[in-house]
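Chemist: Take the given structure of chain A and dock chain F to it, following the hints.
Listed below, chain by chain, are the residues.
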Amino acid sequence: NAGVTQTPKFQVLKTGQSMTLQCAQDMNHEYMSWYRQDPGMGLRLIHYSVGAGITDQGEVPNGYNVSRSTTEDFPLRLLSAAPSQTSVYFCASSRFYNSPLHFGNGTRLTVT
Amino acid sequence: GQQVMQIPQYQHVQEGEDFTTYCNSSTTLSNIQWYKQRPGGHPVFLIQLVKSGEVKKQKRLTFQFGEAKKNSSLHITATQTTDVGTYFCAGEDTGRRALTFGSGTRLQVQP
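Keeping their order, the protein sequence lines are chains A and F. 1 is the number of the first residue of the first sequence in our numbering; add one for each residue after it. 1 is the number of the first residue of the second sequence in our numbering; add one for each residue after it.
Pulled out of the complex, with its shape left as it was, chain A reads as follows (with noise of 0.2 Å):
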């Protein structure tokens, strides 16, 4: 099994642009979650999902957009990139809430 994969692995853009990270199970797990993590400051919760077609925001939702039309997938929309919003991005997912995450392997994000 796969597990939890993130695309891409590294990504560089200009202020302003737009993409989407993506992440997908193959665990059929429930819940799915999106984390930043900065020096120093550990992982913080953007978004997360407690099923197909329920997403809820998390600790620094400003910026970012989530949806889950599928139980596998669990893409973040950054709408317009600011330098505030370089980090490294991990996805996550389990079987239920408090249940333990299976992480992907991150996206480093670099925006200039």
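Because the hints were derived from the structure by calculation, they are not lab data. One or more hints might be untrue.
What the hints assert, rightly or not - Beta-carbon label-pair distances, calculated as ranges: (1) F:T77 with A:P75: 37 to 45 Å; (2) A:T86 with F:Y10: 20 to 28 Å; (3) F:V84 with A:T5: 36 to 44 Å; (4) F:H75 with A:T110: 36 to 44 Å; (5) A:T112 with F:H75: 41 to 49 Å; (6) A:A82 with F:G16: 40 to 48 Å; (7) F:S52 with A:M19: 42 to 50 Å; (8) A:F10 with F:T81: 22 to 30 Å; (9) A:F96 with F:S52: 16 to 24 Å; (10) A:I54 with F:H75: 32 to 40 Å.
As the structure is a prediction and not an experimental result, all values here were calculated from the model. Cβ atoms here follow ideal geometry from the backbone N, Cα and C, with glycine treated the same way.
Modeler: Just chain F now, with coordinates in the frame of chain A:
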């Protein structure tokens, strides 16, 4: 909102020395999870503690959940270079169906 704090932020030890990281929550937790992230890698689940006062061991790693379910610790006995990485605790966010992560403790082991 809920805060999960970890100390220390960073620790450098000689190989063979012990290491402990502490996690404190501003609210009572239903459970706590621990993760390890190797440099350049992604967080990997280590263990979940659910019961008040629970102690679990994984080889040289000992995990404890406080009696009040507001704090936890991870102790590594006789560190090895393979223990290098950042250790995170995570607790259930009371306002959301999600985990709140501590800021992590970065462990460096000198051979």
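Chemist: If a hint holds in the structure, say so; if it does not, say that too.
Modeler: Hint check results:
1. For T77 of chain F and P75 of chain A, the hinted distance range of 37 to 45 Å is satisfied, since their beta carbons lie about 43 Å from each other.
2. Separation of T86 of chain A from Y10 of chain F is about 22 Å and conforms to the stated range, judged on CB atoms against 20 to 28 Å.
3. The supplied range of 36 to 44 Å is broken by V84 of chain F and T5 of chain A, whose beta-carbon atoms lie about 26 Å from each other.
4. Range check, H75 of chain F to T110 of chain A: Cβ separation about 37 Å, and the 36 to 44 Å hint holds.
5. At roughly 43 Å, the beta-carbon separation of T112 of chain A and H75 of chain F lies within the given 41 to 49 Å, and the hint holds.
6. The supplied range of 40 to 48 Å is met by A82 of chain A and G16 of chain F, whose beta-carbon atoms lie about 46 Å from each other.
7. Distance hint for S52 of chain F and M19 of chain A: a CB-CB separation of about 45 Å, consistent with the stated range 42 to 50 Å.
8. Distance hint check: the CB atoms of F10 of chain A and T81 of chain F are about 28 Å apart, consistent with the given range 22 to 30 Å.
9. Take F96 of chain A and S52 of chain F: their Cβ atoms lie about 21 Å apart, and the range 16 to 24 Å holds.
10. Range check, I54 of chain A to H75 of chain F: about 39 Å between beta-carbon atoms, so the 32 to 40 Å window is met.
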